[in-house]
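*Asks:* Letter by letter, the chains look like this.
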Amino acid sequence: MIRRRPSRRFANLAIGSASVLVYVFFYVPVAVLVLFSFNQARTGGRWGGFTTEWYSALFDNDRLITAAQNSLLIAVVATAVAVVLGTMLSLAIDRRTFRGRTAAQQVVYLPVIAPEIVTGVALLAFFSLTLGRLNDLLGRGAQDALRMGRPTIIIAHVAFCTAFVALVVRSSLRTLDPSLEEAAQDLGANAWTTFWRVTLPSIMPGVLGGALLAFTLSLDNFVITFFVSGPGATTLPIEVFGQLRRTISPEVNAISTLIFGASTLLLVGALVVQSTVSRQRSQRIRPLSRQPRNRAAQARATQATHTQLEGQP
Amino acid sequence: MDQHSQRGTVSLRKVTKRFGDAVAVNAVNLEVEAGEFISLLGPSGCGKTTTLRMISGFELPTEGRVHISGRDATDTPPHLRTVNSVFQSYALFGHMTVAENVAFGLRVKRRDKPTIERKVQETLDLVQLSDFGSRFPGQLSGGQQQRVALARAVINEPDVLLLDEPLSALDLKLRQAMRYELTRLHDELAMTFVFVTHDQTEAITMSDRIAVMDQGEIHQLGTPVDIYERPATRFVAEFIGEVNMLEATVVGGDGTRTEVLLSSGDRLTCAPVGDSRLTPGVSVVLTVRPQRVLLTPEGGIDSQEHASLRGELRELLFLGDSTRGTVGLADGTELVAVRHNEDGTHPFGTLRPGDRVDVGWRHGTACLVQ
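Listed in order, the protein sequences are those of chains F and V. Take the first sequence: its letter number 99 is residue 154 in our numbering, and every next letter is one higher. Take the second sequence: its letter number 168 is residue 768 in our numbering, and every next letter is one higher.
Mixed in with the good hints there might be a few duds.
Computed footprint of chain V on chain F; a stretch qualifies when at least three of its residues, placed anywhere within it, have a C-beta under 8 Å from a C-beta of chain V [what the hints assert, rightly or not]: (1) 170-181; (2) 239-246; (3) 253-261.
In case anyone wonders, no lab produced these hints; they're calculated from the structure. All C-beta atoms, glycine included, are put in the ideal place defined by N, C-alpha and C.
Turn these sequences into a full structure, and let the hints steer you where they fit.
*Replies:* Structure representation (structure tokens):
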């Protein structure tokens with residue numbers, strides 16, 4: 056007992072400092088970004104005094120504003136469509152039996168695993184082909200030809216967002232007690248009522264989580280969007296990238312800070328909603344979990360007593 | 601019989617369920633009477649839950665028909681059947697309050713609001729959860745959740761209530777309390793209960809009749825007393841309570857008695873069991889409950905009214921409320937006798953391990969099974 060304790064203390068220290076380092080690694084660059092968005096000096100790595108100039112300049116930068124509006128619109132539409140498709144998809148491959156179900160379950164994750172560049176190139180090839188054919192069919196010339204733009208970006212985003220939504224919803228479907236749906240049917244609910252009154256509310260945390268993920272992914276996607284955006288429509292990441300290539304503008308720091316702040320708010324909001332819901336209803340029944348928890352508490356109490364006793368001279 | 605008087609009956613007619621090559625339920629016939637408390641008892645994998653799920657409609661029989669309240673319900677989907685279930689996991693809707701859970705069935709059936717409110721309160725009163733309507737299931741104890749699950753089912757006034765191991769998630773003390781609670785509910789509601797369990801005590805203490813199942817078949821259907829005192833098969837004898845089993849061969853007999861030869865070399869006469877298959881040469885198992893076994897010094901058993909065997913007392917074990925004696929017969933087979941301890945005296949007198957003893961039982965208390 057006594058001999059083991061110093062090594063445990065060392066382990067705690069090691070784990071603790073490793074965790075701190077990870078967070079430092081994560082957030083120091085972001086902190087630098089936030090700091091520099093208030094930096095009066097236009098270029099270089101030196102501090103020229105505090106200013107909010109870049110934030111006000113942001114609102115005069117029409118290209119950035121338009122791109123931001125585009126991004127939001129695309130993210131909202133793509134998320135809405137992807138949530139519906141992804142939820143339906145995961146219900147189908149988890150709750151139904153059909154030929155090729157296992158294959159379907161595996162293939163769903165392909166867009167998640169495949170390098171974005173592959174998806175991007177594939178979608179580009181697909182859109183040029185279909186748009187070309189469509190233009191021929193409709194007899195449109197160079198003037199009024201259908202080109203890639205917001206619709207193609209939305210379709211592309213729906214494609215990969217659906218996979219992510221399905222991924223998240225499936226994990227909450229898997230922890231869903233199948234007898235919940237049977238109970239609803241047993242009480243006289245048909246399939247439709249069962250879905251709306253029982254299944255959907257039960258997997259709602261998963262659906263919301265999937266929606267949040269899809270929205271975030273759509274908002275900051277660069278590679279795929281780069282391939283499928285036309286001259287008419289650009290999104291925020293692509294616009295930022297374009298502006299950075301010309302000059303390093305502090306406005307980019309400012310908008311990045313705003314985006315970071317918005318996603319933090321979104322995350323906090325999601326956590327608050329989730330903890331309120333789970334406090335209200337901890338749905339799983341664990342009559343046996345009480346005992347080990349007591350045992351753990353007992354062990355802790357015993358250890359504390361030991362520590363006190365040994366601490367005495 | 602007309603439809604009305606058949607309300608609450610369940611009839612399984614040669615029902616078979618196969619999952620791929622595996623036979624879960626094999627040509628089961630079962631007639632459940634209206635208002636009866638019947639248990640399907642057996643080890644896990646014996647087909648009892650599958651049988652129940654064919655009554656609730658969640659499994660379709662591969663062959664055979666299921667009749668509920670006198671009507672063929674084989675092809676009726678679960679949500680249109682006049683039965684309700686209490687699930688092993690309770691399956692309460694975590695996003696609804698207790699009252700909303702209980703009201704679910706009536707809401708789905710679009711009953712009017714005042715009726716729903718009144719009936720929800722009545723049913724919560726019935727299961728003694730009157731003040732818990734606005735709580736969420738996650739805030740209740742296991743026993744309370746159990747009673748919500750019961751209320752949610754019985755509020756619909758089903759013809760038959762199906763219970764799938766509802767007590768198995770509760771701790772021992774609560775389980776005992778819920779046994780009385782279920783029996784009380786059954787009396788009050790006068791509803792047919794079909795209860796699935798692997799716990800023989802639950803089945804014996806609550807049921808009007810028990811169907812003992814193993815490997816997809818019903819081995820015996822009878823009252824708890826029948827099942828305990830007159831097991832029909834070796835499996836039933838072994839599954840319910842403690843029992844002595846002696847291998848034997850039928851050597852003779854007539855309509856009033858059967859003569860058997862034990863592996864120890866003893867010949868015994870047993871009461872007839874009305875089984876025509878017990879012809880000479882058939883090997884059987886003689887079963888007798890330990891508390892029916894007498895244990896005396898040599899010559900202490902009246903052989904007119906009792907079957908008796910010679911042996912040697914091997915072990916005496918004090919168990920608190922009873923004492924257990926193990927006797928070795930001539931061929932080494934062991935036989936156990938259990939006697940209650942009364943006012944501090946030794947129930948087996950002065951007998952000590954190593955003594956030569958007689959063991960026996962009154963004619964009619966032992967059963968021959970195959």
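*Asks:* Which earlier hints turn out false for this structure, listed by number in ascending order?
*Replies:* 1
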